[in-house]
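Protein chains in written order, with UniProt numbering: chain A, 1 to 513; chain B, 1 to 746.
Hints are computed from structural coordinates only; laboratory data are not their basis.
Capping the alpha-carbon separation at 27 Å, the derived lysine-lysine pairs in DSS-like fashion look like this:
hint, chain 1, residue 1, chain 2, residue 2
1, A, K278, B, K238
2, A, K275, B, K275
3, B, K260, A, K275
4, A, K325, A, K278
Keep in mind it's a predicted model, so treat the numbers as computed, not measured.
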Amino acid sequence: MSLFKWIGMGDLRKPATNEPWSSGSEKYFGLENALYFCKPFRECVVNFPNGPNDANGTGENKAEEPSTSNVLSEDTLFGALKDLFWKISSQKKRTGVMAPNGFISKLKKENELFRSTMHQDAHEFLNYILNAVAENVMDQQKKIEELERQEQEQHCNISEKSKSSVNGASINESEESGISADGSSSGSSENTSNTFSSKTTWVHQLFEGTLTNETKCLTCETITSRDDPFLDLSIDIEQNSSVTSCLRSFSASEMLVHQNKFFCDVCCGLQEAEKSMKIKKLPNVLALHLKRFKYQEKLQKYIKLSYRVVFPFELRLFNTCEEIKDPDRLYELYAICVHIGSGPYHGHYVTLVKSIGQWLLFDDENVETVDESEIHKYFGDLPATGSGYVLFYQACDLDLSSLGLPYSVWANNVASSSSSDFEVSAEGAAAESHPIDIQLTPKLKREHRQAPVREPSFSERWILRKNNSSDKRKSNTDQDSKDNDENTHEKSSSHEKEKLSWFGNIVAEERKA
Amino acid sequence: MRKAAKRKVSYVITHNKDDHGHLLGINSLALDTTTFDSSGKPGGVLYSAGRDGVINSWDLHLSLRERKIPKYNYNNLNGIEGKKGNVKDDDNIPLHQFSEVKNWEIDENASSSSQPTPKSTFRQSFQSHTDWVNDIILCHNNEALISCSSDRTMKLWFPHKTSIPCTIGYHTDYIKALAYASGPGWVASGGFDKKIALWDIKECRLAPSTSSSSGNIFGGLSERDFQPIVTIAETSPKSSVYALACNPSGSVLVSGSPEKVIKVWDPKSGKRITKLSGHTDNIRAILISDDGELILSGSSDTTIKLWSLSTQRCINTFTTHSDSIWSLYSDHPRLKVFYAGAKDGLVTRTDYSEYEEIDDGECVAICKENAGIVKLVALDNKYIWTATCSSSIKRWQDVPLKKDRINLSTSSPPSSTSQNAFQIPSSSLIKLTSAVSPPQLITATTDSEVATIYSVAIDEGHNDIDNEDPEPVREMADHIIEGQHGLIKYVILNNRRNILTLDNNGEVTLWDIIKCVKVKVFGKCNIDEIAQEINTPESIPNWCSVDTRIGALTVHLDESKCFDAEMYADEAGLTGDVDIREDQRINLGKWVLRYLFANFTQEEIHTYEAIQQQRSLMQQRQQPGSEHRSLFATQLNVNIPPQAATSTTFTSPTASNQNSTNSKANPPMAPSPTTPLAAFTTGPFTAPATTSSQQPDYFSGPHHLNSPTTSPTTPPVMLLSLLPYNHHRPHLLIRILVIVGPPLAL
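Using the sequences and the hints, build the whole thing.
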């Protein structure tokens, strides 16, 4: 059975700047993958170091950029990913399909796990990608630092020249190889050095939060705590629950009693203790992984829990430490990775992404708009409709400059290369191998708010694309379903209202908490 | 036949026998003011239970006199406010009679007339537990003491009799709290196994002396007594019992747990009557009034709550502390005067005994310890004893109750002015703000007669005290019963003979667990560095295990591996004139056991010789066998060290040899114990001790011998070959002796 997997990837161009080409705004690509499983993903943030290459270039130059980046970091997963994103972002067409072949082959080369034809788990994949990218970026940063030092040791003047040449003529960069990416960092070298000094990467700055594991001895009431960084939160789920209640039970205290007593250093002995997990540092982007695949002792195998788990569009994390900086930070849902299928070993991934105020469904090479009121279909009570698996929440107050990210780079990037502002929202489209697709969504909330102005044009374009789509069958069914939707819309509206009001309750509840 | 229990021998190496202070923190205190000392009057005895598994008692040398009038005005106890000055002695009818025992109180005249109260002195000590003693309680008119421990046992001890503590109950996890109902005569125990068990101890009143010939060291008790009369079991993981209380008549039992609710039980049925919720954290201290109507609970949420059981409501919430409440104490039948001790070390006394409104009472910050108050007891508003996780017990001077201060200041007897005209600085007063009722003005009716300048001063203080940081009245403890420094960490060196330990004073010491001596004191330094420095590359099998759980070095010998290690005799550090072959080796386990049981062996030999003598006498007189038996039994009970008697019922070998049918007729006896004790007098057992220093005198605690159960099993093959007689299953005791017999002619 050779399943052809299609990966839809959405790419939104930043509207934030006044650059002429920014008017190109949205582009939608479906990436086509001819392999029979696919693990595409994308990480637009990855483009940062690369972006500056064409900082001075015009939109027309972009086509050439990918080659440059290839030269730079061909040997890493990060490089491959970067290429992919570049390809997407540098497409001139607004819509299209792209096969992430290069990336997938790289992925397979790097990690044995993904080499087989098994379907892969989206969460595992996300994890792997994030860690691998972080690693690669770290390496690169080190290299850059070294090179910069060397350059400084040499002739400052020369280095400046070389830099300018890098910036100016991207084609000539081949000699600079690895450096170009950073040299590329262009105007923002100071910023980048700041970033590097913290020994973390922008991957960490975006996704990393800190969990603290507090253990309180019930005899001496001393609290010992241990901090663990996390890139995503995996939470257990229950039937007919909500993300909020799942988070609550995630942070519910556990008693260390009986055989499992806690060795208290103050009491010098085993005592009863209360252990709880709390969030000490809120991440900028919260990847919430619902543990839908669970090993069942009885059956001796993994099963999928197609429980209905309600997730709110706006989330406040309440299970935080007392000393946390901003306990009421509001998160907004911007991407959902959905798993369709009843079993853990096979199925299909689609991804919903909110782009400029509009929800888009990426299903392999097909992209369609979804009404926000339809999102509840992915809460997951029925296996057929698919169930939310990885949820991506982004802090509403996310401020790039406060991240310590090279803002100028970012800005440049936004100006020059469309892709820079996208976030990873991963999901695979493949069946059993929890195929994974990572989709890009706008990083900046502000843009979302600006979006409504453009929205109509967007949908028009979308329909345009739809009509042009080569996949007639698909579009027909889509059209049908859309019609159906419209027909049923009236009927179901009251129902939806109820749902929505329930959402409201959840949000209210969270605020209370 | 039931499978034999795993046998284990443990011994504790103590170092400072002259100092009886606790090694680790104190978990519980109990005060006895009725036991007479040598002078014919009670001087007060304080019992302390330590984390080192030891229960100590201390003579307080207080001057006590018989209490003529009850301490509290009992007219007020029923909620009917008696009119001031109208109270006559006749009206003072206690709710619960003082019982048949006389009550004693501090003799004010005696104490005020002279010098400060004498220092407390050591009285008795018993290491009866192998882990923390968590709670102790006095019962049977202070004649008996019951203790519960993290070693999961509950023991009964008659401190004034020459008996050893006897296990009266078990839980399957740490036992945390006890409560005694004197009326029905049971003790309730609550543990981390989420169970509350009620144990009937009425029978335990039997003195050991009355049970002399039964062969049981503790007459009234046998196996069946180890069953609780009622068991209350819970399942929630948070329902470990941390606090327990019942009233003297035993009509109500209340418990506190990390579940944050107080559960009220009917002890007769074991059913829950109700639960009281309101606390937001673990409930660690609980008291109940004598009539079972009022409950006072202290919680880790820093509040103390007063509950009414009849209405099932919280009457008042005391927010007098700013840290977790760990202990409460009250001797007031209606809990109108109570002491509270918190995690931050602050001890307060709240007194609203003279007022209808709780807000009108006063709360005084009395003292502040350096560590959390695990337990406190008080006597006659005169003294307070506090226990913390440090090994010392502190005694503090209490301050007089408000009414006493006022009486004194108005009447001003010249004799006591110097001591008792006591002013409490306003900075030591903590405002009693009631969460239930709004603050009310002090009404003139209650205070009219006592409205002196002094009391006005207090009221002013009330208004502007800051609850945040009260200044304790007493800065210094009146007296300290000093503890010692217990061991808290150890490192076993590679030679499996030397152990490095760290005590809670930071001192590092090197021990020899075979000679049971301190080898070297390193002083305050890093134990791991020292270990690295002095460790040798040897590799000796792991023949014993060690722990410092009770603050002293405890060595455990396990049957399965204690004979695994050997060393060359010439490297053993033997002293004296010993003839050793060059390649002669010593088995460490056997060596240790030989000397651990040396006294016991000796005693057995004496006993046997005595029996032999009697037997020959009897034979001469041609008396019937049955009479021998009783004689032997008597003899044995006199001579056998307690551990022998507790572990088995001992039968005389000669008796059963003489008449085998007799032993069949007596099933409880061990089958055919034919091994003649005479064998011990010859052969390897008489080997002279080569080193006198190896003779440990730590063998005073019989509990260290975890006695095997009474079902004999086949001894290890290696040992069988050593047995002079192996044609019958040897008696258990004898087998132990065989094990300890020295394999080498050392």
